[in-house]
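Single-letter residue listing:
There are 2 protein chains.
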Amino acid sequence: MCQLMGMSANVPTDARFSFTGLVERAGRTDIHKDGWGITFYQGKGVQEFRDLKAGSDCDVANFLKLQCIKSDIVISHIRQANVGALTLENTHPFRRELWGENWTFAHNGQLKDIHSILPLGRFIPIGTTDSEHIFCWLLDQIEQAFPTRPEDPTQLYDFIYAKRQQLHEFDVCNFLLSDGHALIAHCSNNLHWVTRRAPFGPALLKDIQVSVDFSQETTPNDVVTVLATQPLTTNETWEKMQPGQMVVFVDGELIKLYQ
Amino acid sequence: MCQLMGMSANVPTDARFSFTGLVERAGRTDIHKDGWGITFYQGKGVQEFRDLKAGSDCDVANFLKLQCIKSDIVISHIRQANVGALTLENTHPFRRELWGENWTFAHNGQLKDIHSILPLGRFIPIGTTDSEHIFCWLLDQIEQAFPTRPEDPTQLYDFIYAKRQQLHEFDVCNFLLSDGHALIAHCSNNLHWVTRRAPFGPALLKDIQVSVDFSQETTPNDVVTVLATQPLTTNETWEKMQPGQMVVFVDGELIKLYQ
Chain A
305 MCQLMGMSAN VPTDARFSFT GLVERAGRTD IHKDGWGITF YQGKGVQEFR
355 DLKAGSDCDV ANFLKLQCIK SDIVISHIRQ ANVGALTLEN THPFRRELWG
405 ENWTFAHNGQ LKDIHSILPL GRFIPIGTTD SEHIFCWLLD QIEQAFPTRP
455 EDPTQLYDFI YAKRQQLHEF DVCNFLLSDG HALIAHCSNN LHWVTRRAPF
505 GPALLKDIQV SVDFSQETTP NDVVTVLATQ PLTTNETWEK MQPGQMVVFV
555 DGELIKLYQ
Chain B
305 MCQLMGMSAN VPTDARFSFT GLVERAGRTD IHKDGWGITF YQGKGVQEFR
355 DLKAGSDCDV ANFLKLQCIK SDIVISHIRQ ANVGALTLEN THPFRRELWG
405 ENWTFAHNGQ LKDIHSILPL GRFIPIGTTD SEHIFCWLLD QIEQAFPTRP
455 EDPTQLYDFI YAKRQQLHEF DVCNFLLSDG HALIAHCSNN LHWVTRRAPF
505 GPALLKDIQV SVDFSQETTP NDVVTVLATQ PLTTNETWEK MQPGQMVVFV
555 DGELIKLYQ
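Chains A and B, in that order, are what the protein sequence lines are. Per this note's numbering, the very first residue in the first sequence carries number 305; after that it's consecutive. Per this note's numbering, the very first residue in the second sequence carries number 305; after that it's consecutive.
Everything labelled a hint here was simulated from the structure, so no lab data went into it. Do not take every clue at face value.
It does not matter which identical chain is used: a pair holds within one copy or between any two.
Stated by the list, open to error - Straight line, CA to CA, 25 Å or less: simulated SDA-like cross-link-like pairs of lysine to any residue:
#1 560 x 423
#2 416 x 522
#3 416 x 404
#4 467 x 508
#5 467 x 356
#6 544 x 314
#7 348 x 420
#8 510 x 484
#9 369 x 416
#10 416 x 451
#11 416 x 514
#12 467 x 452
#13 544 x 448
#14 374 x 424
#15 348 x 539
#16 544 x 445
Looking at chain A on its own, in the form it has when it is part of the complex (with noise of 0.2 Å):
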């Protein structure tokens, strides 16, 4: 299995205390240390790194730890790999263009032999993961759907609220999925949220003795949610997801809670 950090924010955030207490579990407080991979959105751009190191003990990682990424979308990805060779390509998060947009996936659980199941269009993995497979299968679903981007973004995120059914009814399977524009995550059985608003306070991460005031490092209108596999830190209240939820977060919000 594998864990997922997601994070959406109203104003570039830097996210590097997620990330932080993420790769700690990349092979020293948990056994995820088969690679891993982080994607910043920065408008419609991205800069992505990942490294077929354990994150806990890897130099890309310890870079990261040091450098303030100021990004809107984040989606991080630790590895244990089940379905999938230890490669650079089955690394997630993965990433293909739709609509002239940058689209980022990661998925933490297991869908065994869904290959056979799921056709493929014209998106086709590169890797041999099941993870990569479901996401191009989703894209192609969506861009049959959907030629062009609809005006409406709420009847995107209706489709692929509908299309996940599939892969929730068939195994396990918990994923961040982003255009640029919202963050959107599924539940299977393991995923929790925690959104940080004014008055902020210190947090503390659970993985590592490392802590933030987050009043310091804020504005009164910064809105910033953070979604974790396991929660992160250990004196806040995150929310738990139920199995079969989907949430779409923009700017920080929660704009849509599917369930």
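We have chain A already, so just place chain B on it with the hints.
Leaving out everything else, chain B in the frame of chain A:
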């Protein structure tokens, strides 16, 4: 304008010597300071790094100069923005998936108003550069001609050579392109390459006082070709490409020269 750097090797090879020379031109010895990017292939997968800061004064670039990332094919680019704003989505190299493979493209030149001339298909630019537009156009042309990867890759190279004629006739279009198998380079006016093989010797960068003794870093069977807009070293003989030439390197070896 911009500058390009590429590498093709028969063993995973550390490209940081060339990268170190290139990014000096990104704000110190030359003016290409509007962001930079580098894509490292490891088999089918890629590790990429990019940033909007000037490569000569950028934490991510400085970090990479210290990292030994071994790769078969590398494409790197330093940008001097002319068409398209200073945004991440306008930063080269660009990447798309075709036939379940990572295709990467970086461009030096200017093809003003090419948007109105070359029709797009299913690959849509995310940014606003002429460069990404021609990459999307070229991939679509390739896919229309070859719905699946041709068994004989020479057919593919011949096709790309025929297609790039339209770009070459239009305006300045030096580019590096890879599908993870070959490194393809086209010269409109400025592109050089050098192949290093046994007996290896020392090399001295042109833009900064850095040298390496490749005899200490290689085995006798290694073959490594480096391409660059302008030669990166002072004590090696670089081949100057002629306008209209296209070269194809596989495993460091020149396998096809079109002229």
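Outcome of the hint check:
1. 560 x 423: Neither: 29 Å inside a chain and 37 Å across chains, both beyond 25 Å.
2. 416 x 522: Close neither inside one copy (43 Å) nor across copies (42 Å); limit 25 Å.
3. 416 x 404: Between copies only: 20 Å across, 31 Å inside.
4. 467 x 508: neither (37 Å within a copy, 57 Å between copies)
5. 467 x 356: neither (31 Å within a copy, 37 Å between copies)
6. 544 x 314: Only inside one copy: residue 544 and residue 314 sit 22 Å apart there, 50 Å across copies, limit 25 Å.
7. 348 x 420: Result: close only across copies, 22 Å inter versus 33 Å intra.
8. 510 x 484: neither (29 Å within a copy, 41 Å between copies)
9. 369 x 416: Answer is neither: 34 Å inside a copy and 41 Å across each miss the 25 Å cutoff.
10. 416 x 451: Neither: 30 Å inside a copy, 28 Å across copies.
11. 416 x 514: neither (37 Å within a copy, 51 Å between copies)
12. 467 x 452: within (18 Å within a copy, 28 Å between copies)
13. 544 x 448: Neither way: residue 544 and residue 448 sit 33 Å apart in one copy and 47 Å across, limit 25 Å.
14. 374 x 424: neither (35 Å within a copy, 33 Å between copies)
15. 348 x 539: For residue 348 and residue 539, neither the intra-copy (34 Å) nor the inter-copy (42 Å) Cα distance is at most 25 Å.
16. 544 x 445: Neither, since 29 Å and 48 Å both go past 25 Å.
When the structure is compared with the earlier hints, violations turn up for hints 1, 2, 4, 5, 8, 9, 10, 11, 13, 14, 15, 16 and for no others.
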